[in-house]
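Trainee: As a plain string of letters, each chain reads:
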Amino acid sequence: MSVVSALPKRVDSPEGLAEAVRDAAGSGAQVRISGSASMPLTAFNEQRPVQAISTLRMNKLIEHAVPDMTVIVHAGMTLEALQKHLAWHNQWLPIDPPAVNGRNPMQRTLGGIMASNSLGPLRMAFGDWRMLLLGAKWVDATGTIVKGGGRTVKNAAGYHTPRLLVGSCGSLGAYCELTLRTYARPVDEQCVIFFCRDAAHAEELTAAILTSPTNPAYIEAIGGATFSRNPLQLPTAGAGTVVLAVGFLDRPSTCAAQIETVRALAAAAGTESISQTAAQAGRLRLWLTSEPASRLAVRMHGLSSDAAGCVAKFEALAPEAFVVAEAGTGVVRASFKDVDPLALWPKLLEMLPAHATLVPIQGVTVAPVGAMGLLDRLKKTLDPAGVFGLPPR
Amino acid sequence: MSPPRTHPVIAELEAIVGGGGVIAQADELVVYECDGFTIPRNKPLAVVFPTTTEQVSAVMKALGRHKLQIIPRGSGTGLTGGIVSIGETPGVQVSTARMTKIHQVDLRNRWALVDAGVANLALSAAVASSPLHFAPDPSSQRAATIGGNVATNAGGLHTLKYGVTVNHILGLEVVLTDGSVHQLGGPAGHGIGPDFVGLITGTEGTLALVTRVWCKLVPRATAFRTALAFFSNTRQACQTVADIIASGIVPAALEMMDGSMIKIVEDAFHLGFPATAQALLLIEVDGQELGLDEDLATIEAICKKNGADSVEASRDPKRRAELWSGRKRAFGAIGRISPSYCTQDACIPRSKLPDVIEHIAKICAKYNLRITNAFHAGDGNVHPVLMYDETKVEEVRRAMDASGEILRHCIAVGGAVTGEHGVGIEKLPYMRDMFSPTDLAWMHKIRAALVDDDMLNPFKVLPRDGVEIDLLAPGRKVPQ
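Residue numbers (my numbering), protein chains in the order written: chain A, 14 to 406; chain B, 1061 to 1540.
None of these hints come from the bench; they were simulated from the model. A virtual CB, placed ideally from N, CA and C, is assigned to each residue, including glycine. Check before you lean on any hint, since a few could be wrong.
To be verified - Each computed DSS-like pair below joins lysine-lysine, with the alpha-carbon atoms no more than 30 angstroms apart:
id: 1; chain 1: B; residue 1: Lys-1121; chain 2: B; residue 2: Lys-1505
id: 2; chain 1: B; residue 1: Lys-1121; chain 2: A; residue 2: Lys-393
id: 3; chain 1: A; residue 1: Lys-22; chain 2: B; residue 2: Lys-1365
id: 4; chain 1: B; residue 1: Lys-1323; chain 2: B; residue 2: Lys-1422
id: 5; chain 1: B; residue 1: Lys-1323; chain 2: B; residue 2: Lys-1221
id: 6; chain 1: B; residue 1: Lys-1161; chain 2: B; residue 2: Lys-1221
id: 7; chain 1: B; residue 1: Lys-1121; chain 2: A; residue 2: Lys-392
id: 8; chain 1: A; residue 1: Lys-393; chain 2: B; residue 2: Lys-1127
id: 9; chain 1: B; residue 1: Lys-1505; chain 2: A; residue 2: Lys-160
id: 10; chain 1: A; residue 1: Lys-22; chain 2: A; residue 2: Lys-393
id: 11; chain 1: B; residue 1: Lys-1452; chain 2: B; residue 2: Lys-1388
id: 12; chain 1: B; residue 1: Lys-1505; chain 2: A; residue 2: Lys-393
id: 13; chain 1: B; residue 1: Lys-1127; chain 2: A; residue 2: Lys-392
id: 14; chain 1: A; residue 1: Lys-73; chain 2: A; residue 2: Lys-22
Said to hold, decoys possible - Covered stretches of chain A, as calculated for chain B (at least 3 residues, CB under 8 angstroms):
id: 15; stretch: 159-171
id: 16; stretch: 310-322
Okay, chain A solo, but in the shape it has when bound (with noise of 0.2 angstroms):
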């Protein structure tokens, strides 16, 4: 692949973001967004030139509306300059994306977490970006800035054409404002921690914890190996074993209760568990977004019944490997570190259960095969150059 710079060019304001794209475009060139450089991998033209666009100094916060609880960014913004200003108001984004080859996830972007649809462990209790995009800015193909959406948290007018940019990878366009929806800081967060004997075990008391009188914000299966290597000074867990992390946000009152409840079913079938307290249960969340970097790093979407299966399947492969999934959702996310990506690839294809899809994130770059329906349909009209890339498919 050719690339136009080495450096990509670094814009400040949806306007430079704008002109760079037309620049780029004009002289032949694709465009590759880069925030935080956390994208899953876009296939891209070979023959073609690539060049570079840098969102990070794009990073002012528009508007803080914070009785109406939305606020509006630059899509450059870093989640952590989010939080910290949002704090003050004690509200917050309530989403935790996962590292991307061992980076700090909260010097992700919000633009790069959009695209990529990145969220983590609370995915579970507060949903997907269609509960917390409520409108974006961003620059298409031809280097115009677009808007769609709007500011309320309900919104039926038109085609909500924010959502479809979201998963994309840049591939129709380059968010460049963001509003969002913000939620009052819980009140306090406890977890408790279940070392289950195998997935078997651990599928089986995922389904009990769902059908509880209790209302988890997370539900995460760790594999055992990987539990681990965890740097908070729990106790370790046997290979093959699939450990349980159950979170609730709520008062530290309804937090106990709801922690004695699931304590209590798991008791009945002998399982050993430990509870934290807030400072201790949101380093454990922390903890589990923050992915080493690897050689190859996977994210399946599949049922929350498969999810701790897959979790004991993928860490066998690697037993090096970070595995740990959002057994609520069914949400697998896997590291490997010293792996040949290409050999691993097609073995963790062969064992995706039905439903399931798989997307690399680092180390191979999948590429486009056959008809892909409606993008194809879409990037003919709204991007026939070829300006931006494709996601991995």
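Starting from the known structure of chain A, fit chain B onto it as the hints suggest.
Mentor: Only chain B this time, still in chain A's reference frame:
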């Protein structure tokens, strides 16, 4: 019985779906000339009722060959004229009303695959023996189809906590105008790639015809706490709404009625509402039992802090039903005092509620119309109700003009022209107040990419240059 319309496509449609699957008699088509928005009316050429995705695909191809407008239809409970034929050549309505199969329910993984014609409430009924349900609850949920919910991104009373339809859709099977069938998402939801489910939901049948839906099922609340508060001042009530949400409590419902609606309901049902009250808040928290009493106590304290004249908090299911009865019967009560009424729908930032409610009253005074308000205050979704007599054309015009001024004011304060009803043809003129020509052009490009020959529900949702639709005569006034 009048003779059937004799367009050659009708025989082709009958060959696809069978003779009983096509309606083409003029008198039988009367009930299909409008939806819940009854001002614009125009009979379709025919209504066809496919029962399978394969039939929908064949129907789309047949209608494409004849270059006829294709108008998707669920059960006709829309509120913006989205199924009315526009232009001199009537279109054919493709109804999913006979596609009513619930194909699969996976309680462990909390999803169900249903045909688009399954009624909203029928899905929840089908899983009633489990702790799960389908959360979107538009007031038309007994009749409204899930495909229709998807088309309009329907909301309801409980969207503040549970979200709107798009938050409960994991996947769609859609048919494009060329007859091609596409699966978007599925039981595992959206992974990577553009969120086509998120895009198509809410496009009112202008991009694709939805044939099957993978619905998310969520736990049904098993415990409730309800509070009813009266205020002598609208601003106090609005501040209470903001304070409750800022406290971290996300109520399942946070409904408001203004002074005139309180009086209308009291006159009709004698529920004991205070005559001097200018605002009523109905607040409900739900979920599991744990923590609800604390939430209710916090809500009660916030109401009192903001000067509520009275607050009644209840955990008794019977009393809960009584407290809700006034809100649920509010729109029916309007029928006692006005022969016709139009329920408008816009969404505004919550902080603008007091000013907008006052401004709506001024607009209706200017147009000499009676107005009342009952709305979803928690998410800023206002529903001003304009009362008029539909036998008086001049009064209908005034109601429409006042509606327009209200909607433009809501947009001006940062709001959306519709919160949950959709645009259809009713709100087309105001889309340009909300979106720039560039923004609308992008939407038109998406439509052009997916829809062949402009056949699928044309003239809806997206305004067009040089085209103005007279709602009182939608079949005659469109430049072709």
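Trainee: Now look at each hint and say whether the structure bears it out.
Mentor: Consistency of the hints with the structure:
no.	hint	in the structure
1	Lys-1121(B) <-> Lys-1505(B)	holds (22 angstroms)
2	Lys-1121(B) <-> Lys-393(A)	holds (23 angstroms)
3	Lys-22(A) <-> Lys-1365(B)	violated (54 angstroms)
4	Lys-1323(B) <-> Lys-1422(B)	holds (19 angstroms)
5	Lys-1323(B) <-> Lys-1221(B)	holds (29 angstroms)
6	Lys-1161(B) <-> Lys-1221(B)	holds (29 angstroms)
7	Lys-1121(B) <-> Lys-392(A)	holds (24 angstroms)
8	Lys-393(A) <-> Lys-1127(B)	holds (24 angstroms)
9	Lys-1505(B) <-> Lys-160(A)	holds (14 angstroms)
10	Lys-22(A) <-> Lys-393(A)	holds (26 angstroms)
11	Lys-1452(B) <-> Lys-1388(B)	holds (29 angstroms)
12	Lys-1505(B) <-> Lys-393(A)	holds (10 angstroms)
13	Lys-1127(B) <-> Lys-392(A)	holds (26 angstroms)
14	Lys-73(A) <-> Lys-22(A)	holds (18 angstroms)
15	159-171	holds (count 12)
16	310-322	holds (count 6)
Checked against the numbered hints listed earlier, the structure breaks hint 3 alone; every other hint is satisfied.
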